[in-house]
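Novice: Could you put together the complete structure from these sequences and hints?
Letter by letter, the sequence shown follows residues 21 to 522 in our numbering.
What the hints contain is simulated information worked out from the structure, not anything from laboratory work. Warning: the hint list may mix true and false statements.
Simulated crosslink set (PhoX-like; lysine-lysine; CA at most 25 angstroms straight-line) [as the list claims (entries may be wrong)]:
{"#": "1", "residue 1": "K210", "residue 2": "K229"}
{"#": "2", "residue 1": "K383", "residue 2": "K349"}
{"#": "3", "residue 1": "K210", "residue 2": "K167"}
{"#": "4", "residue 1": "K383", "residue 2": "K342"}
Computed beta-carbon distance windows for the label pairs [stated by the list, open to error]:
{"#": "5", "residue 1": "S293", "residue 2": "A376", "range": "50 to 56 angstroms"}
{"#": "6", "residue 1": "D412", "residue 2": "L158", "range": "26 to 32 angstroms"}
{"#": "7", "residue 1": "M120", "residue 2": "G263", "range": "42 to 48 angstroms"}
{"#": "8", "residue 1": "M298", "residue 2": "V62", "range": "18 to 24 angstroms"}
{"#": "9", "residue 1": "I236", "residue 2": "V62", "range": "47 to 53 angstroms"}
{"#": "10", "residue 1": "H138", "residue 2": "S46", "range": "22 to 28 angstroms"}
{"#": "11", "residue 1": "T70", "residue 2": "T162", "range": "26 to 32 angstroms"}
Ideal placement from N, C-alpha and C gives every residue a C-beta, glycine not left out.
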Amino acid sequence: MSASVNNILHATQGNPLLEALEPYLSTNDLEQRLHNWPLAGVDVASLSTTARHDFLDLMQEQLFEPTLTSLDTTTRLYRMIRRGCIARDPTQTSTRAHLMAVARFAGRELREVPWFPHSAKCMRVSGVTGLGKTYEILRALTQLPPKFEHGYSRSADWTHMTQVAWLYVGMSHDGSLGGLLLQILVELDKCAGTSYSRERSLTGLSNEKLAVQVGIILNNHAVGVLVIDELQGRNFAGGARGGLAATFFLRILNFGIPLVLMGNPLGMDALDSFSQDMRRVGSSGNIEMHPMDKEDYDYTDILAPALWRYNVMPLPSEVEDKDGSILFKYCGGIRSYGARMRVASQRLALDQGNQAVTEEHMKQAFMGPDFSERDRQLIAGFRDRNPLLLQDFVDVPWQRYAQRWGYYASDTEDEVEQPAACDGPATSTPTTKRRKPVAQQSAETAQRRQTRSKNQNAKKQQAKTALDESDMRNNGLQDHLITGIELLQKQEGSATNNRKGI
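Specialist: What follows is the structure in structure tokens.
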């Protein structure tokens with residue numbers, strides 16, 4: 021089942037699935053629609069201390085400033101949903117024939133169902149903790165109505181139909197397919213007002229048979245996209261359970277349901293074991309999120325200014341941080357830590373009876389109970405590009421970041437940026453910039469990075485020629501980290517050999 025040329029040219033003419041969703045899937049004014057500012061229209065000066073604290077809670081829960089990444093992700097998501105609606109136009113005979121073909125396998129096991137000629141699209145979103153993966157996808161999804169009720173339609177051959185625009189579920193905690201299937205039914209019941217999760221005829225089935233039934237049910241409700249979050253190394257890391265779940269993902273796509281898979285990069289690795297799986301689950305894009313660099317446009321011009329603007333104090337902050345370099349010291353480019361610092365420092369200033377936030381408040385908040393020692397270690401690892409600080413976290417691919425930062429060779433040597441020395445805060449730029457198209461900004465950012473990398477390498481080479489070979493500064497942190505990484509790898513290899521000997 022695929023979208024024909026005729027379907028595309030006349031997509032909204034008589035297709036009840038797309039007619040309902042079309043106004044919400046437009047990418048016009050997307051930045052304004054996604055943006056959310058809890059302080060909009062609020063007279064901050066007149067707020068009580070209690071209200072100021074309440075608005076700090078809203079900052080962490082509701083503030084959304086669209087970045088280039090979030091705009092790209094949302095655009096891809098909306099286009100994927102739209103494509104799925106076109107491909108499943110219920111007024112087309114081919115669509116109804118496909119639905120009946122799938123329904124004929126009710127009561128059969130998943131392995132008994134043949135592979136159909138066409139599959140829906142899938143997008144994968146991966147990244148370490150705190151980057152806002154879930155926050156960005158849910159922000160995009162919640163701009164769409166969760167469901168639409170359709171009445172009698174002769175062309176679609178139904179008397180009544182509940183169309184579900186999107187479903188969001190978390191991967192089962194133990195990675196079991198049965199747990200995931202039950203969660204899908206529970207969320208569908210909440211959205212559509214059905215009772216599938218309580219029907220003994222369904223819950224009593226084996227996982228293999230229930231997987232087929234879930235696919236049929238999702239088709240019957242024309243689910244626009246199924247989002248499965250929290251794919252982690254501990255609940256989805258290959259093996260029998262991980263393999264069964266991965267097969268279910270491919271089957272859902274083959275049934276015609278668009279899919280978004282989200283999680284930790286180590287958890288997502290299980291989908292890369294087979295090239296066929298990797299190709300299909302990334303057919304609508306592979307969004308790899310990382311902590312922002314302090315020169316990234318998304319950080320210097322979008323995130324950091326937004327976090328500083330969100331001020332509930334009686335007076336503006338005394339900290340001058342136009343490029344976000346001061347805030348970067350306390351967040352390492354991780355969105356959730358940046359928001360936490362702004363909240364914690366303002367709470368501290370309010371509790372101390374101060375009128376404005378100073379950098380001393382930020383230092384105290386960072387060393388206080390709002391940040392644990394491990395939080396500070398994670399932040400420092402990304403802030404200082406020190407992979408040795410990350411290797412204690414089992415869900416952080418520290419070796420990949422060591423390669424990304426140039427501490428040892430990777431398979432894509434020409435794509436690795438060498439670690440850059442900090443030359444102090446970047447020069448400030450005007451606060452009122454006209455927003456450029458996403459594609460143009462991305463191209464300009466890439467060009468700036470290439471130019472900056474060349475200039476930094478030239479400066480370092482010029483400085484090194486003036487140093488004695490024995491001078492520690494000749495190689496600096498990179499040699500130190502390389503030595504540490506090599507030693508750690510030898511220790512891991514020795515430990516493995518000892519275990520084999522035992």
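Novice: Could you run down the list of hints and mark each one as holding or not?
Specialist: For each hint, the structure was consulted:
no.	hint	verdict
1	K210 to K229	holds, 23 angstroms
2	K383 to K349	holds, 10 angstroms
3	K210 to K167	holds, 11 angstroms
4	K383 to K342	holds, 18 angstroms
5	S293 to A376: 50 to 56 angstroms	holds, 54 angstroms
6	D412 to L158: 26 to 32 angstroms	holds, 30 angstroms
7	M120 to G263: 42 to 48 angstroms	violated, 30 angstroms
8	M298 to V62: 18 to 24 angstroms	violated, 47 angstroms
9	I236 to V62: 47 to 53 angstroms	holds, 49 angstroms
10	H138 to S46: 22 to 28 angstroms	holds, 26 angstroms
11	T70 to T162: 26 to 32 angstroms	holds, 28 angstroms
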